[in-house]
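Residues per chain are reported as follows:
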Amino acid sequence: MLALILFGSMLGLMMLGVPIFFAIGLAGLIGALHIGAAAPLIIVPIGMFNGMDSFPLMAIPFFILAGELMNRGGISTRLVAFASAVVGHISGGLGHANVVSNAMMASMSGSALANIAAVGRVLIEPMEKEGYKRDFATAITVAASLLGPIIPPSITMVIYAITAGTSVGAMFLAGIVPGIIVAIGMMVVIWRHARKRNYPVHDRFSIRRVAVTAKDAAISLMMPVIILGGIFGGVMTPTESAAVAVVYALIVGLVVFRELKLRDLGPILLNSGVVTSFIFLIVGAARVFSDLMTGEAVPQEIASLILSISDEPVLLLLLINILLLFVGCMMDTTAAILILVPVLLPVAIEIGVDPLLFGVMMSFNLVIGLATPPVGVALFLGSDTGKVRIEALVARIWPFLLIYVAVLLLITYVPIVSLGLPRLFGY
Amino acid sequence: MQAVIKAIDNQITRVTALLVIIGMSITVGSVVLGVIFRYFLRDALVWSEEVARYAMIWVSMLGGGIAFRLGAHVAVDFMVNALPPGARRAIIFAGQLGMLVFLAVVVWYGIDVTQQVSGQRTAALRISIAWAYSAVPIGAALMVYHLIAIMIAPRLVSPSASKYQR
Numbered sequence: 092m093l094a095l096i097l098f099g100s101m102l103g104l105m106m107l108g109v110p111i112f113f114a115i116g117l118a119g120l121i122g123a124l125h126i127g128a129a130a131p132l133i134i135v136p137i138g139m140f141n142g143m144d145s146f147p148l149m150a151i152p153f154f155i156l157a158g159e160l161m162n163r164g165g166i167s168t169r170l171v172a173f174a175s176a177v178v179g180h181i182s183g184g185l186g187h188a189n190v191v192s193n194a195m196m197a198s199m200s201g202s203a204l205a206n207i208a209a210v211g212r213v214l215i216e217p218m219e220k221e222g223y224k225r226d227f228a229t230a231i232t233v234a235a236s237l238l239g240p241i242i243p244p245s246i247t248m249v250i251y252a253i254t255a256g257t258s259v260g261a262m263f264l265a266g267i268v269p270g271i272i273v274a275i276g277m278m279v280v281i282w283r284h285a286r287k288r289n290y291p292v293h294d295r296f297s298i299r300r301v302a303v304t305a306k307d308a309a310i311s312l313m314m315p316v317i318i319l320g321g322i323f324g325g326v327m328t329p330t331e332s333a334a335v336a337v338v339y340a341l342i343v344g345l346v347v348f349r350e351l352k353l354r355d356l357g358p359i360l361l362n363s364g365v366v367t368s369f370i371f372l373i374v375g376a377a378r379v380f381s382d383l384m385t386g387e388a389v390p391q392e393i394a395s396l397i398l399s400i401s402d403e404p405v406l407l408l409l410l411i412n413i414l415l416l417f418v419g420c421m422m423d424t425t426a427a428i429l430i431l432v433p434v435l436l437p438v439a440i441e442i443g444v445d446p447l448l449f450g451v452m453m454s455f456n457l458v459i460g461l462a463t464p465p466v467g468v469a470l471f472l473g474s475d476t477g478k479v480r481i482e483a484l485v486a487r488i489w490p491f492l493l494i495y496v497a498v499l500l501l502i503t504y505v506p507i508v509s510l511g512l513p514r515l516f517g518y
Numbered sequence: 009m010q011a012v013i014k015a016i017d018n019q020i021t022r023v024t025a026l027l028v029i030i031g032m033s034i035t036v037g038s039v040v041l042g043v044i045f046r047y048f049l050r051d052a053l054v055w056s057e058e059v060a061r062y063a064m065i066w067v068s069m070l071g072g073g074i075a076f077r078l079g080a081h082v083a084v085d086f087m088v089n090a091l092p093p094g095a096r097r098a099i100i101f102a103g104q105l106g107m108l109v110f111l112a113v114v115v116w117y118g119i120d121v122t123q124q125v126s127g128q129r130t131a132a133l134r135i136s137i138a139w140a141y142s143a144v145p146i147g148a149a150l151m152v153y154h155l156i157a158i159m160i161a162p163r164l165v166s167p168s169a170s171k172y173q174r
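So the protein sequences, as listed, match chains A and B. Taking this note's numbering, the leading residue of the first sequence gets 92, the next gets one more, and so forth. Taking this note's numbering, the leading residue of the second sequence gets 9, the next gets one more, and so forth.
Since the hints were derived computationally from the structure, they do not count as laboratory data. Any given hint might turn out to be false.
Far from chain B by the CB rule (all over 12 angstroms, computed), these chain A residues [unchecked claim]:
| id | residue |
| --- | --- |
| 1 | R225 |
| 2 | I272 |
| 3 | K306 |
| 4 | P315 |
| 5 | V316 |
| 6 | L398 |
| 7 | T476 |
| 8 | R514 |
| 9 | G517 |
A partial selection of chain A residues facing chain B, derived with a Cβ cut-off under 8 angstroms [what the hints assert, rightly or not]:
| id | residue |
| --- | --- |
| 10 | P110 |
| 11 | I133 |
| 12 | I181 |
| 13 | A334 |
| 14 | L353 |
| 15 | G357 |
| 16 | V365 |
| 17 | T367 |
For glycine and all other residues, C-beta sits at the position ideal for the given N, C-alpha and C.
Input sequences plus hints: build the corresponding full structure.
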């Protein structure tokens, strides 16, 4: 009964256009009122405070800030130039440069949206000159930007790791190989498309150009070395390495490239503060929501319900993937993880799925939802950046989303693809 | 009269925005200092993590108010947008009333909790933990203010952060 009230009121409020934080918070409030004396309303502010009071969670504001500083400080544009020099001579040139730039930026920023603006602004116009249709160029940008939350660092995976109680570092490692497979898959699709359409290959491969752009990009490429090296080397926690990356991006933007001005810092800090606040408030409200669920044993109830459908792992995993894909289309990534992990993770563990693997599966499903209607935020930002209609974008992006789905099925049924690296590092 | 209200509103918004900026700076600064002390000076700063966590809670609660002005509270609006204008306005208004109820609960019980815990000291700084907890009712009260402001004057919503920097 409580499950129905909690999920029903949350979904109902969301559909009525209530912002996500308030929809979850109000649902929690309604749930608490339903329980009555056992759940005094004082648990609302307490749950919110406890939810937000977490040091690992603080990697998130730093990744957001580092991403903004990277984009405004000229780090992103130099990476795109380097990527163009390295893969621009392959048939379909700038399409590949787009994918590679996004993959490289994914290794420094934690989200998809930061990548779309940066890569889209630099590459969509030149791609059009190379023969790409504008909507196709934008579709490539949006689809490749989804690597952001897959290739570490990743805000999505930080939230999953904290909710599921796994190691953030291990989650990051688990995303690397699946991310690279998606990137290669996208490049194959682009290559075939370019061959069929006979796009001109305007740039010969030049080792000099690679060397020149590499010199600039080297400073930028130190970012992932700091972040990932710091975490995987066991030197720093993810939060600490993210904070150091912020300082590095700041110094590079202000002193080395000099594209960042001191007066830009106010708006950058305010913007990343508000974006962080959006995520943190959801975390706080979701804590109230999930505390109520755990207190009343709702997860166990739902788990036994799901397990009563079937105990065949292959089938259950498929059903869970379909459910998550659907949720991803309708719901914010952070909210979906915080609310569904307590319910679905026990089921996954019951049928023998590693929590790390489940995290990668979940990330893939939710990330695909960023680029599907009706509420795909990446789709909206892409249509805005590329100046193309959403419908046109949707029509061109689905082959790339199918690659994500294919890799999702691969990791679901061949666990070693994502678990290999974490195991190698002893997790 | 209108000019006075506008001036007061401007000040409230600017000060909140400034506090978010300061809070973000403190958060980054204290974690980085913590790293420097631990790895280079071999002397752990006991307070860096605590300061960062509490500053972040302040940023989150205060940022929630500014988010109304920046139009940054993401909502699923495709269904509401499909409705005729009258029905849409009514549903959005009802939703906003619900949000006010929720915020009122957070303010009311938030004050309650803050008073209850005010005797406790934080682990590292040994200050009253009310300094951290009070972010919840104060932030929620400011969210009430900004929500009512945009309910009365929807044109106050503008997605440009730099306008609070003048």
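A quick look at each hint next to the structure:
With a minimum CB-CB distance of about 24 angstroms to chain B, R225 of chain A clears the 12 angstroms threshold, and the non-interface call stands. Annotated as non-interface, I272 of chain A keeps its C-beta farther than 12 angstroms from every C-beta of chain B; the closest such distance is 30 angstroms. Distance check on K306 of chain A: its Cβ is at least 27 angstroms (rounded) from any Cβ of chain B, clearing the 12 angstroms threshold; non-interface status holds. Against the 12 angstroms criterion, P315 of chain A stays outside the reach of chain B, whose nearest CB is about 18 angstroms from its own CB.
With a least CB separation of 16 angstroms from chain B, V316 of chain A remains clear of the 12 angstroms interface cut-off, as annotated. Every CB of chain B lies more than 12 angstroms from the CB of L398 of chain A, the least distance being 30 angstroms, so the non-interface label holds. In this structure T476 of chain A is separated from chain B by more than 12 angstroms, as the shortest Cβ-Cβ distance comes to about 14 angstroms. Distance check for R514 of chain A against chain B: the nearest CB is about 28 angstroms away, which clears 12 angstroms, and the non-interface claim stands.
Remark: the non-interface label on G517 of chain A is consistent with the geometry, its nearest Cβ contact in chain B lying 23 angstroms away (cut-off 12 angstroms). The criterion of a C-beta within 8 angstroms of any C-beta in chain B is met by P110 of chain A, whose closest approach is roughly 4 angstroms, and the hint holds. Hint on I133 of chain A holds. Least Cβ distance to chain B is approximately 5 angstroms, under the 8 angstroms limit. A least Cβ separation of about 38 angstroms between I181 of chain A and chain B goes past the 8 angstroms threshold, and the interface hint is therefore violated.
Evaluation of the A334 of chain A hint against chain B yields a held restraint, the C-beta minimum of about 4 angstroms falling below 8 angstroms. A cut of 8 angstroms between beta carbons decides the hint on L353 of chain A: the least distance to chain B is about 12 angstroms, and the hint is violated. Interface hint status for G357 of chain A: upheld, as the beta-carbon distance to the closest one in chain B is roughly 5 angstroms, under 8 angstroms. With its C-beta approaching chain B no nearer than about 5 angstroms, V365 of chain A sits inside the 8 angstroms limit, and its interface hint holds.
With its C-beta approaching chain B no nearer than about 6 angstroms, T367 of chain A sits inside the 8 angstroms limit, and its interface hint holds.
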